[in-house]
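Enquirer: Read off the chains here:
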Amino acid sequence: MTEQATMLTSAAAARGPLAMEAISVSKDFRIGRGQTLHAVRDVSFNLYRGAVVALVGESGSGKSTAARLLAGQERLTSGAIKLDGKPVDVSSHRDFRHYKSQVQYVFQDPFASLNPVHTVRYHLERPVKLHRGRVSDMEAELIALMEQVHLTPARQFLAKYPHELSGGQRQRVSFARALAARPSVLLADEPVSMLDVSIRLEMLSLLDDLRKRFSLAMLYITHDIASARYFADEVLVMYAGEIVERGPAEEVTQQPAHPYTQLLVASAPDPDNLGSTLRRGANGTRRQGARRTRTPERVATAGCPFSPRCPLAEDRCREEDPTLLPITATRGAACWRLDAAAPELVPGPPGGGHITEI
Amino acid sequence: MTANPGRAPVPLITSPVAGQGPVLDIRDLSVVYRTPGGDVRAVDTVNLSLAPGEVVGLCGESGSGKSTLVYGACRLLRAPAMITGGSVTYSGRRVTKPADVLLMRPEQLQRLRWREIAIVFQSAMNALNPVLNVRDQLLDVIHAHLRIPRDEARERTASLLDLVGIPRSRLRSYPHELSGGMRQRVMIAMALATDPEVVIMDEPTTALDVVVQRDILAQIVELKEELGFSIMFITHDLSLLLELADRIAVMYAGQLLEIGTASELHREPSHPYTKGLLNSFPSLRGPRRDLAGIPGSPPDLRSPPPGCPFLPRCGYGTSACEEVDMHLLPVASSKDPDHVTACPFVLPETLAQPPRGARQEPAGEPAGELAT
Chain R
0 MTEQATMLTS AAAARGPLAM EAISVSKDFR IGRGQTLHAV RDVSFNLYRG
50 AVVALVGESG SGKSTAARLL AGQERLTSGA IKLDGKPVDV SSHRDFRHYK
100 SQVQYVFQDP FASLNPVHTV RYHLERPVKL HRGRVSDMEA ELIALMEQVH
150 LTPARQFLAK YPHELSGGQR QRVSFARALA ARPSVLLADE PVSMLDVSIR
200 LEMLSLLDDL RKRFSLAMLY ITHDIASARY FADEVLVMYA GEIVERGPAE
250 EVTQQPAHPY TQLLVASAPD PDNLGSTLRR GANGTRRQGA RRTRTPERVA
300 TAGCPFSPRC PLAEDRCREE DPTLLPITAT RGAACWRLDA AAPELVPGPP
350 GGGHITEI
Chain C
2 MTANPGRAPV PLITSPVAGQ GPVLDIRDLS VVYRTPGGDV RAVDTVNLSL
52 APGEVVGLCG ESGSGKSTLV YGACRLLRAP AMITGGSVTY SGRRVTKPAD
102 VLLMRPEQLQ RLRWREIAIV FQSAMNALNP VLNVRDQLLD VIHAHLRIPR
152 DEARERTASL LDLVGIPRSR LRSYPHELSG GMRQRVMIAM ALATDPEVVI
202 MDEPTTALDV VVQRDILAQI VELKEELGFS IMFITHDLSL LLELADRIAV
252 MYAGQLLEIG TASELHREPS HPYTKGLLNS FPSLRGPRRD LAGIPGSPPD
302 LRSPPPGCPF LPRCGYGTSA CEEVDMHLLP VASSKDPDHV TACPFVLPET
352 LAQPPRGARQ EPAGEPAGEL AT
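So the sequence lines, in the order shown, correspond to chains R and C.
If you count the first sequence from 1, position 287 lands on 286 in my numbering, and the numbers rise without skipping.
If you count the second sequence from 1, position 341 lands on 342 in my numbering, and the numbers rise without skipping.
Just chain R, with the same shape it has in the complex (with noise of 0.2 Å):
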């Protein structure tokens, strides 16, 4: 995968400079009786200055401990993560706090993830204390943070504890506590998936906002294939550890070539497509696209690991797990059947001669 993925250009790349790379990243975790689980598998990308990469999939596909591994907050099995060129080497506690006041993170929760009992003011001063060390004026230092975010008047938010925020100003104290490092990355994990559908809007435009004005290398993670579509710059596609699909997100949005990729399209709800599909019952979903197994068999053990589901799947499938094949410079898919899932962008048998039969 790597010789392909290194073949491609990032859609990202044309924002600013290289900020991180991953490469070759794997991660394994035992579960017991001798069986490993593979998290993360050979995932090659990299993050650039004032761009945002998407990282789309379903629960349980990897992309949270992929971003884990970059924050530094598991230890690779095998691959490598450089940040402004350099290998990342996070062994000591004083290696891992710079780092960390480079690449900071925004968790899922709003909820979960700010502590009860402390104060706003508590959860900021904090990261700035530790990462930027004796700050002359904190107040005005905390203000700032305030600002950034839009929580104003700001001396009145920061005497509040969370439980007397919405949902939506504590993922705003959860950007401002990232920001507070002054990093250049920032990984975000679902930012916006446990607030409502009205202000979801308004935090993603913030985040753009953020993005732009300290020109933030930004990894969106996400299993709504929409807001990537309007968000990211660059789109990676992972199943069961591994990127199936990688591309500008317009591209891979409006005409995804692999069939995991088309699942997740399908599935997404379509307002404009009123009454066609879910009010008329099974007979209107199952019409088309991937099936939709019963049965908790999802991943297979060799081959592609998407083979069990895919409609196309044939016997060089389950046998032989596909790199990624670039379609264009910007774009590739790991798929055997690219002809058949997207004769419209891979006219030709790829390489080995393959005969469609559909």
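Hint data in this document are derived by calculation from the structure and do not stem from the laboratory.
Please note that the accuracy of each hint is not assured.
Stated by the list, open to error - Calculated from the model, a selection of chain R residues having no Cβ within reach of chain C, i.e. all distances over 12 Å:
#: 1; residue: Ser25
#: 2; residue: Arg67
#: 3; residue: Ala70
#: 4; residue: Ser77
#: 5; residue: Ala79
#: 6; residue: Lys81
#: 7; residue: Gly84
#: 8; residue: Tyr98
#: 9; residue: Gln101
#: 10; residue: Arg125
#: 11; residue: Lys128
#: 12; residue: Ser183
#: 13; residue: Arg228
#: 14; residue: Thr252
#: 15; residue: Arg308
#: 16; residue: Pro342
As the list claims (entries may be wrong) - So the derived label-pair ranges between C-beta atoms look like this:
#: 17; chain 1: C; residue 1: Pro345; chain 2: R; residue 2: Ser58; range: 43 to 49 Å
#: 18; chain 1: R; residue 1: Arg212; chain 2: C; residue 2: His328; range: 55 to 61 Å
#: 19; chain 1: R; residue 1: Arg154; chain 2: C; residue 2: Arg303; range: 21 to 27 Å
#: 20; chain 1: R; residue 1: Ala139; chain 2: C; residue 2: Asp291; range: 33 to 39 Å
For clarity, every value in this text was computed on a predicted model and none was experimentally measured.
All C-beta atoms in this analysis are idealised placements derived from N, C-alpha and C, irrespective of residue type, glycine included.
Following the hints, put chain C in place on chain R, whose structure we already have.
Expert: Chain C in isolation, oriented as in the chain R frame:
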């Protein structure tokens, strides 16, 4: 329990699905939460009906009172919640004459709950008992509400799992051994265990990812067609309801702002809030459009502002809005008399143009605009 005085009765909203009367008819229901800081008017004189075989979507943001409304109608609320007025008429096929749920005695309620009205609760993780296996939980429900022999009950647990597409081998599984989607399916199986007339679904798929969500929703619709129950579907995701529901009620700050069929609401939203919601989610298909969201946050329900509760966040508001009666009236421009709105001032044609800008911006929640 009488309707709130000082409010004119609202014309009965008939359902487009069936000619017969509604199976559940909520009239002028009001619920308050007694708090030391004053009463929180969580549900304020709400009218909503559910016809046999219909899917009604109840949509609103957190704190809008959508769950309180439905739980109140089923008498599932505890102090400090208090029902202060209204009536909830239930008339299912199995009952001889319509009865007011709010006046029922405990033993009547016992017969109503689950047998007639079942609920699928929001978080399947917490709603299942972690120390009982799937079969025992299902048996519990069946024995509590149906008088059938033990063998028959056991057979029923197995057929219930077939119904929701879980292999029978999972009967002995405990909740922690099931995936999120499977747990939600078990919850649905439990709700359907007694063949209820009305199934209330409180955000049944919010915690699930889109592929599983769609799968479960398709199954719900399939089961509805097969078994013929009605669904009250509570969610904050309007985009989901547009695909799923026959009629949609939009709730805000304890009041209903608009009711209409899914296609009416999508084509011609008449309330600025509905319009705002429709413009809040990024669309996956079609051209990229400018998204606006809804600036501001809902009002404090301890001292609700006079008139329209949405006024502080509304881009079209006028001074007349401060005195408006929050009655649902038919939308003048709509051909469908069942499309009702609480906003008499803004016509759908006006909504097509951009608003003049928010009247006032509450602190901390400025307008969001995601440039594309």
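Enquirer: Indicate, hint by hint, whether the structure satisfies it.
Expert: Now the hints, each set against the structure:
1. Ser25: 23 Å, holds
2. Arg67: Arg67 of chain R clear of chain C: closest Cβ-Cβ about 19 Å, beyond 12 Å.
3. Ala70: 22 Å, holds
4. Ser77: Answer for Ser77 of chain R: holds, closest chain C Cβ roughly 28 Å.
5. Ala79: 30 Å, holds
6. Lys81: Given a closest Cβ separation of 31 Å, the condition holds.
7. Gly84: 31 Å, holds
8. Tyr98: 31 Å, holds
9. Gln101: 27 Å, holds
10. Arg125: 22 Å, holds
11. Lys128: Non-interface label on Lys128 of chain R holds, nearest chain C Cβ at 25 Å vs cutoff 12 Å.
12. Ser183: 23 Å, holds
13. Arg228: About 6 Å separates Arg228 of chain R from the closest Cβ of chain C, which leaves it inside 12 Å; violated.
14. Thr252: 6 Å, violated
15. Arg308: 9 Å, violated
16. Pro342: 20 Å, holds
17. C:Pro345 to R:Ser58: 43 to 49 Å: 45 Å, holds
18. R:Arg212 to C:His328: 55 to 61 Å: Distance hint for Arg212 of chain R, His328 of chain C is violated at roughly 46 Å.
19. R:Arg154 to C:Arg303: 21 to 27 Å: The hinted range 21 to 27 Å holds for Arg154 of chain R and Arg303 of chain C, with Cβ atoms some 24 Å apart.
20. R:Ala139 to C:Asp291: 33 to 39 Å: 35 Å, holds
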